[in-house]
Amino acid sequence: MNLFYLIAFLSIFFSLLVIFSKNPVYSVLYLIVTFFTFTIHYILLNAQFLAIVNFIVYMGAIMVLFLFVLMLLNLNQDSEPMKSNLIKVVGVIAGMCLLVTLVGSVKALNVSDPVVLKNPDIGLVKNLGKVLFNEFLLPFEVSSLLLLSAMVGAVLLAKKDPKKA
Amino acid sequence: METITQSIQGVPLNHYILFSAVIFAIGVMGVLIRRNAIVIFMSIELMLNAVNLLLTAFSAYRGDASGQVFVFFIMALAAAEVAVGLAIIVMIYRNTNTTDINVLNRLKW
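Heads up: the sequence lines are chains D and P, in that order. According to the numbering used here, the residues represented by the first sequence are 1 to 165, in order. According to the numbering used here, the residues represented by the second sequence are 1001 to 1109, in order.
Think of the hints as simulated: they come from the structure by calculation, not from any bench. Bear in mind the structure is a predicted one, so any value in this text is a computation, not a measurement. Just so you know, even glycine gets a beta-carbon here, dropped at the ideal spot from N, CA and C. Hints may contain errors.
One-sided and incomplete, this derived list gives chain D residues near chain P with beta-carbon spacing under 8 Å [unchecked claim]:
id	residue
1	Leu45
2	Leu86
3	Val125
Listed below are the simulated SDA-like cross-link pairs for lysine to any residue, each with C-alpha atoms no more than 20 Å apart in a straight line [claimed, not checked]:
id	chain 1	residue 1	chain 2	residue 2
4	D	Lys160	P	Val1051
5	D	Lys130	D	Asn119
6	D	Lys126	P	Leu1104
7	D	Lys88	P	Met1047
8	D	Lys159	P	Arg1062
9	D	Lys160	P	Ile1040
10	D	Lys130	D	Val142
11	D	Lys130	P	Ala1076
12	D	Lys160	P	Ser1066
13	D	Lys159	P	Ile1088
14	D	Lys160	D	Thr37
15	D	Lys83	P	Gly1063
16	D	Lys107	D	Cys97
17	D	Lys22	D	Glu80
18	D	Lys88	P	Val1103
19	D	Lys130	P	Arg1035
20	D	Lys160	P	Asn1095
21	D	Lys83	P	Val1103
22	D	Lys126	P	Met1047
23	D	Lys83	D	Leu72
24	D	Lys160	P	Val1022
25	D	Lys130	P	Asp1064
26	D	Lys88	P	Thr1096
27	D	Lys107	P	Tyr1061
28	D	Lys126	P	Ile1040
29	D	Lys83	P	Ser1066
30	D	Lys83	P	Val1051
31	D	Lys159	P	Val1051
32	D	Lys107	P	Val1051
33	D	Lys160	P	Thr1096
34	D	Lys88	P	Gly1085
35	D	Lys83	P	Ala1087
36	D	Lys22	P	Asp1064
37	D	Lys160	P	Asn1097
38	D	Lys88	D	Ile12
Just chain P, same shape as in the assembly:
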């Protein structure tokens, strides 16, 4: 375990922030350019994971365990969110025979 913790010592906190920002931006791009509801869901998972990693890095940087507890709560929330969201997608597919989000624009009226 010592060698693993040694290997992270030199990485600046900035690089963790930049890395998480890149992953978050990729998630936003996925939401913008895809039309399949399931792939949009996966992009949201990517964004959640970027935030999780950054919280863990901050927690290790400050030496405070609260950040890692928050990550644990975010993971519980993500599990609940995916279960309900995929149930909604299955229901939409049963009614419209597609997972294209453009058919949902009739929700406007």
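Same shape as in the complex, but just chain D:
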């Protein structure tokens, strides 16, 4: 039980570092640590499949993509555009307003049952595979179309224009 609070504290700490660090490369590195703490959260909920997918897709693929683009564009602290302090303060206040609204509505709900894993096998690959390939077979196939179109779009966008060059 205490492990959850420790990991939650670490997640919040590192995600604050992501948005407040000046150098974008540090932001990406802190984001990787944040995603690792999320993976630990999934393991705590016994969602093993999601933990592995989070580890491979987010920390492996997406973060490498981010780091690659940052290194490619050669962004560092000197080229980092910063907003004025007034806008920063207003942004933080707006975010806090959103947080207070969400927390207030949760308090009004008055549900605080403990998370009891009724069926601990629910997050295992065997169980999720059965659900995914029975009820959600059509969305699964459509998501392959989405990935294909995203791949084509990304290549088309990032390619240099042959007429211009």
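Fit chain P to the supplied structure of chain D, relying on the hints for placement.
Then chain P, alone, in the frame of chain D:
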């Protein structure tokens, strides 16, 4: 595996909701206070992850596997979104030599 599932038994569902709300609010703040398009993208990833974790917690709480399948679909969508978005950012950088979103206000006209 038993000890790991034992350790989560006592955490109230409210604390998961509060934790996800905090992470989501941090993501919103990141979008509001940064001007670098790539850092704004990272903040959006933070928001997506907060929602993912909450869906997983609800799914474990209700004993229903559909929530975790939705999280899987959201992850596929996030991968596609990042690939296209970073391609757009690279193209913007090639044309304007910066990733500052303020140079994009000429899109208004």
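Hint by hint, here is what the structure shows:
1. Leu45: holds (5 Å)
2. Leu86: violated (11 Å)
3. Val125: violated (11 Å)
4. D:Lys160 - P:Val1051: violated (36 Å)
5. D:Lys130 - D:Asn119: Cα-Cα ~15 Å, so holds.
6. D:Lys126 - P:Leu1104: With Cα atoms ~47 Å apart, Lys126 (chain D) and Leu1104 (chain P) exceed 20 Å; violated.
7. D:Lys88 - P:Met1047: At roughly 19 Å apart (the allowed maximum being 20 Å), Met1047 (chain P) and Lys88 (chain D) satisfy the hint.
8. D:Lys159 - P:Arg1062: violated (46 Å)
9. D:Lys160 - P:Ile1040: Status violated; Cα separation ~25 Å.
10. D:Lys130 - D:Val142: Cα-Cα ~18 Å, so holds.
11. D:Lys130 - P:Ala1076: holds (19 Å)
12. D:Lys160 - P:Ser1066: violated (42 Å)
13. D:Lys159 - P:Ile1088: holds (11 Å)
14. D:Lys160 - D:Thr37: Violated. Lys160 (chain D) to Thr37 (chain D) sits at ~38 Å, over the 20 Å cutoff.
15. D:Lys83 - P:Gly1063: It is violated: about 45 Å lies between the C-alpha atoms, which goes past 20 Å.
16. D:Lys107 - D:Cys97: holds (15 Å)
17. D:Lys22 - D:Glu80: holds (7 Å)
18. D:Lys88 - P:Val1103: Given that 20 Å is the threshold and the Cα spacing comes to 19 Å, the pair holds.
19. D:Lys130 - P:Arg1035: Violated - the C-alpha atoms of Arg1035 (chain P) and Lys130 (chain D) are around 44 Å apart, more than 20 Å.
20. D:Lys160 - P:Asn1095: It holds: about 11 Å lies between the C-alpha atoms, which stays within 20 Å.
21. D:Lys83 - P:Val1103: Since the Cα atoms of Lys83 (chain D) and Val1103 (chain P) sit roughly 13 Å apart, the hinted pair holds (cutoff 20 Å).
22. D:Lys126 - P:Met1047: With a Cα-Cα distance of about 29 Å, the restraint between Lys126 (chain D) and Met1047 (chain P) is violated, given a limit of 20 Å.
23. D:Lys83 - D:Leu72: violated (24 Å)
24. D:Lys160 - P:Val1022: violated (41 Å)
25. D:Lys130 - P:Asp1064: holds (13 Å)
26. D:Lys88 - P:Thr1096: violated (25 Å)
27. D:Lys107 - P:Tyr1061: Holds - the C-alpha atoms of Tyr1061 (chain P) and Lys107 (chain D) are around 18 Å apart, at most 20 Å.
28. D:Lys126 - P:Ile1040: violated (37 Å)
29. D:Lys83 - P:Ser1066: violated (42 Å)
30. D:Lys83 - P:Val1051: It is violated: about 28 Å lies between the C-alpha atoms, which goes past 20 Å.
31. D:Lys159 - P:Val1051: Not OK: Lys159 (chain D) and Val1051 (chain P) at ~33 Å, beyond 20 Å, violated.
32. D:Lys107 - P:Val1051: At roughly 19 Å apart (the allowed maximum being 20 Å), Val1051 (chain P) and Lys107 (chain D) satisfy the hint.
33. D:Lys160 - P:Thr1096: holds (14 Å)
34. D:Lys88 - P:Gly1085: The hint is violated at about 24 Å.
35. D:Lys83 - P:Ala1087: violated (24 Å)
36. D:Lys22 - P:Asp1064: Between Lys22 (chain D) and Asp1064 (chain P) the Cα gap is close to 42 Å, so the pair fails against 20 Å, i.e. violated.
37. D:Lys160 - P:Asn1097: Answer holds: Lys160 (chain D) to Asn1097 (chain P) is near 15 Å, not above 20 Å.
38. D:Lys88 - D:Ile12: holds (19 Å)
Figure legend: structure checked against the earlier numbered hints; hints not met, in rising order: 2, 3, 4, 6, 8, 9, 12, 14, 15, 19, 22, 23, 24, 26, 28, 29, 30, 31, 34, 35, 36.
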